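For the record, the sequence lines run as chains A and B.
Under our numbering, the first residue of the first sequence carries the number 24, and numbering increases by one thereafter.
Under our numbering, the first residue of the second sequence carries the number 3, and numbering increases by one thereafter.
These are calculated hints, taken from the structure and not from any lab test.
Treat the hints with care, since some could be wrong.
Said to hold, decoys possible - Straight-line Cα separation of at most 30 Å, BS3-like style, residue types lysine-lysine; simulated pairs: (1) K80(A) x K37(A); (2) K40(B) x K80(A); (3) K119(B) x K80(A); (4) K119(B) x K40(B); (5) K40(B) x K18(B); (6) K34(A) x K18(B).
This one's a predicted model, so the numbers in the text were calculated from it and none came from an experiment.
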Amino acid sequence: DTGVSQDPRHKITKRGQNVTFRCDPISEHNRLYWYRQTLGQGPEFLTYFQNEAQLEKSRLLSDRFSAERPKGSFSTLEIQRTEQGDSAMYLCASSSGLAGVVSYNEQFFGPGTRLTVL
Amino acid sequence: AQKVTQAQTEISVVEKEDVTLDCVYETRDTTYYLFWYKQPPSGELVFLIRRNSFDEQNEISGRYSWNFQKSTSSFNFTITASQVVDSAVYFCALSDRHSNNAGNMLTFGGGTRLMVKP
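Can you build the whole structure from these sequences, using the hints too?
This is the structure in C-alpha cells:
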C-alpha cells in the first residue's frame, strides 16, 4: 500500500511565474485536502475535495490559487503570479469517508512540496 | 471558532528522560476529535493518535501515552524514556462539527519541537 505522494518535492520559481503541484492520494481514499505550512508554524487548511467535488475553500486561498481533482483521484494545486509570500510547504492529505456522512477519520499526509519564490 | 494552543515551542531533554507535550484546545462543539501528529526532520506528518470528545480514558501505546481532560480542555502527550529518534516537531490538532463542513478539516497548533540529546 503506497502512501500519499506529491510532486515535485521542491520548486524554486521567480515572482510572477505560475506553478502547479500534484498530489496522488491513497487509492481508496475519496477525501483529499491541501494545507500550507510556513516555517515554524502548524499546517493551515486550504481546500478539501470529496471525490471530484471541491466542497470547501479557506479564506487563505486567494483568487490566484486554484485546485482541481478532475476524476476524483489525483489533485493539482496551481498558483498563478506567485508572490514571495507564497513561499511555504504545501501539504496534501487524504482520508476515507463517505459523501454526506460526518466522520473524523485520520488524515494521511504526503511529504509536501516546498515552494520558494525568489 | 476553534483553536489549538501548544505553549511549548521547544523542549530539550536528555535521552531516557520522560517528557510531556501540552495541548490546549478551544471549541464550542460538544462533538469533536483530537489528534497528534509527528513531523520528523524529513518533513512528512505522521499520524499518532485520534481521540473523540466522549472518551476521556487515557491511552497508552508503548512509550507513548495521552491524557485527555475535558475539564481543562487539554490533550497532553507524554513520551516515556525518550530516545534520540523521538526528536521531531509534534502537532496537536482539532476537528469539530463546525469544521466538518470541510469533511473533518484539521485545525493545528503551532507545534512543539522536541530535541532528545544522547
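Hint-by-hint comparison with the structure:
Of the supplied pair hints, the one linking K80(A) and K37(A) holds, its CA atoms being roughly 26 Å apart against a limit of 30 Å. Of the pairs offered as hints, the one joining K40(B) and K80(A) holds, with about 25 Å between alpha carbons and a cut-off of 30 Å not exceeded. Between K119(B) and K80(A) the CA atoms are separated by roughly 41 Å; this puts the pair beyond 30 Å, and the hint is violated. Using a Cα cut-off of 30 Å, the hinted pair K119(B) and K40(B) holds, with the two alpha carbons roughly 18 Å apart.
For a cut-off of 30 Å, the pair hint linking K40(B) to K18(B) stands: about 19 Å separates their Cα positions. Taking the CA atoms of K34(A) and K18(B), the gap is near 39 Å; set against the 30 Å cutoff, the hint is violated.
When held up to the earlier numbered hints, the structure conflicts with 3 and 6 and fits the remainder.
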